[in-house]
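**Student:** In case you want the letters, here they are:
2 protein chains.
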Amino acid sequence: MSKDLNPWEGLLEAAESGDLDRLEALLAALDAEDRIHALAHLDAEDLGSVLSALDPDRAAELIEQLPDSHAAEAVGELDPDEAAGILDELQSDDRADLMAQLRPRDAEAILTAAAPETAESVRSLLQYPPDSAGGLMITEYAAVPASWTTQQLIAHLQGNVDRYAHLAAQYVYTLGARGELVGVIPLRDLVLARPNQPLSSLMVPRPLSIPATLPLDEIFDLFDGNHFLGIPVVDDDAHMIGVLLREDVDEARVNRAQSDELKSRGIVGGEELRSMPLYVRSSRRLAWLSVNIVLNVAAASVIALYQDTLSAAIALAVFLPIISDMSGCSGNQAVAVSLRELSLGVVRPAELLRVWSKELGVGCINGLILGCLIGAVAWLWQGNVALGAVVGIALALNTVVAVSIGGTIPLALRRFGFDPALASSPILTTVTDMCGFFFVLSFATFALDQIATP
Amino acid sequence: MSKDLNPWEGLLEAAESGDLDRLEALLAALDAEDRIHALAHLDAEDLGSVLSALDPDRAAELIEQLPDSHAAEAVGELDPDEAAGILDELQSDDRADLMAQLRPRDAEAILTAAAPETAESVRSLLQYPPDSAGGLMITEYAAVPASWTTQQLIAHLQGNVDRYAHLAAQYVYTLGARGELVGVIPLRDLVLARPNQPLSSLMVPRPLSIPATLPLDEIFDLFDGNHFLGIPVVDDDAHMIGVLLREDVDEARVNRAQSDELKSRGIVGGEELRSMPLYVRSSRRLAWLSVNIVLNVAAASVIALYQDTLSAAIALAVFLPIISDMSGCSGNQAVAVSLRELSLGVVRPAELLRVWSKELGVGCINGLILGCLIGAVAWLWQGNVALGAVVGIALALNTVVAVSIGGTIPLALRRFGFDPALASSPILTTVTDMCGFFFVLSFATFALDQIATP
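If you read the sequences in order, they're chains A and B.
Numbers 49 to 502, taken from my numbering, label the letters of the first sequence in order.
Numbers 49 to 502, taken from my numbering, label the letters of the second sequence in order.
None of these hints come from the bench; they were simulated from the model.
This structure is a prediction, so every number in the text was calculated from the model and none was measured.
Ideal placement from N, C-alpha and C gives every residue a C-beta, glycine not left out.
Some hints here could point you the wrong way.
Selected chain A positions facing chain B (in silico; Cβ < 10 Å) [claimed, not checked]:
# : residue
1 : 348
2 : 378
3 : 441
What the simulated footprint calls covered on chain B by chain A, stretch by stretch (three residues with Cβ under 8 Å from a Cβ of chain A suffice, anywhere in the stretch; the number is not a length) [to be verified]:
# : region
4 : 62 to 75
5 : 194 to 207
6 : 233 to 244
7 : 351 to 357
8 : 382 to 395
9 : 487 to 499
Isolated chain A, as found in the complex (with noise of 0.2 Å):
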């Protein structure tokens, strides 16, 4: 009878129907790709009853596979207790990422229901900010004092199999006689090390930490500038608290450059994935959209100072949408530029002269390709050289402003703490419509004789 089921639909009768091992059986039968595929047809209910269906340890599996925000809104679905088991299974920063797309009275209640230390590792992690060394590191690592040889340390390694079997990081780090951070040894030089070696002698000592509190770009430059696979991080003590993978540095560029992309196209108010209710997603969209379409009106008001000119000179009615897209198009050329430059650290917040210098050339040029381009398709069009002149001149004029304004607020966006992936396309077409618009309809209005409809 499960022939004629999706793969969504099999997994979700066997869940409800409690047959954990039909359940596991499909979930091996579909590689990581159809899997991922076919669980994304599932809304939050029920993935939260496939989720609850099967052991804690495969759940946890699951949900590292799946994207965050699905993730979190079927756990939110879950009896705290039932949650509580699968966070236990989690990586400490999985923990971390999952707690903090809850609705914190799940959250709260998942912490309560969660063994002792595994809500404490929680906690801690989300006492940083989601992108700072401490909000991105793991808690699991090996520390041990040293004074210990290599053989006690192999000792303590070999005991703790279980414990250090799934640890990403390759280091063990040495501790102090109070506990704090003395030295750090890579695994490869251990394997090296002779028997009796003390870890003092093997250890690279005192090693580079970062405090918990360093924000995300600095983290890149330091990755950036390093090849170091992990680097520890201490609290105001400089007692050791955590270790920051670059995988986790890498994953968390990713986030960032994907949600510039999504902020880009007007996707702002956090993940959307088509899974989740139509009212989230028109909410979340139509809040964007509502800034959108007052900024729009106040743009276009300036045409509406200009009906008499427009009347005279009814053609330039067309000309007015291109103005105002094309120079949007170049505007964000230079927004595009300006965001990949800051990204990049080769650009800084207060250099917004020699930004817009350089914008400046390219302005020009541009601008008197496109002008002459679209004021020749104007004289062509109506046979009335003045009307190409106005309307060249126009787009010229405003590509240079396009690409000043595009150019620069980046910039001074971020310098006044402002994200520009967001706020920088909303202000630039804005201002260069009202540019455009302007210096289309008040050109025209200067050489209304030329270009009047008889």
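Since chain A is already given, all that's left is putting chain B on it; use the hints.
**Tutor:** Structure of chain B alone, referenced to chain A:
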């Protein structure tokens, strides 16, 4: 005298006067962030002077920290022998990235001058597409006969400390008699092994491996679903030829996301940094703008068909750019969600109908609300309810059109092998502009008696 120089001017001066000690001292005085920032102010030729003044290994370190395109331009300015010396010092995957960015003639000259094994390693990577396992893998890895004991392996590692010092991979691979991959040993297990244990009893046999031709999307899915730090890459004969590291997969993911964001803002011809020559920046941006101006003229030509209606009700001209822009916003939100779902693997190119049905709901709700808003603005402004109805209904309908096209076009483009991040927006805005202008102006023509300005 150097007190008054900017850091980059100081670096250039030291390089050009051949004062290696001062150049090294100036570089060492800058932290990673300041170094990248200072070097970004040098054009290709000046950066080339700095690289050529440094020892090859120091130059290689700098290159790893710089944006690929900037580094490649500077290396292209160097004498091939100098460039080859630097190439020898780079890790294999960085070499291939750099070579792939050079003009083919420059790359060939450098490879001819490079050490034979370096040239061979680069050529073997360059034969695979940059976005495949073969193009992303590193060729530095430890592989030894499975017939060895742990003692033989450790002696081998000790005898080749330099060679393995920078091995990022945390695995030793074991090979069979014909050089085929037969097992993998995590370094961690080697730490815990008995001294004379045969590797064949220690290794994980029949490890997962991937073909060099595996494309990026499948690589992402594979690493998403698993925890390994690296995976062996094999050729058609099952011989191991490299290791694909998680950090390089993550880097490819960051590059993909950042390149998608650049594309969404109209930077499509390749990386642009403001250190590049003006004509390169200007002409690349113009290539994209020229396509857009043609599309814009095509869309606006719909307006030209309705000049009589526009003349009769000139207030409509104010709303044309608003409808064009708002539909673009709504459609691009749907594009963003589809691109996101495609990259997460939760939707497949064939699921057009499912996506469309999910977008219809959002389009109807948001279209209704936006239509009412803009209709109310039109009504209140002109005191003409018919004008409000024409504009409001047109925006409502066009919002549905926009989300329908925006949601499905990325899937359709992907299905037919086009890049959805690149082509979705231009197609979307052209079609929605045409539809939007047509809706407003044809409805207005129909209701012209009610809305014509007396």
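**Student:** Determine for every hint whether it applies to the structure shown.
**Tutor:** Hints, one by one, checked against the model:
no. : hint       : in the structure
1   : 348        : holds (5 Å)
2   : 378        : holds (6 Å)
3   : 441        : violated (16 Å)
4   : 62 to 75   : violated (count 0)
5   : 194 to 207 : holds (count 3)
6   : 233 to 244 : holds (count 5)
7   : 351 to 357 : holds (count 3)
8   : 382 to 395 : holds (count 11)
9   : 487 to 499 : violated (count 0)
When the structure is compared with the earlier hints, violations turn up for hints 3, 4 and 9 and for no others.
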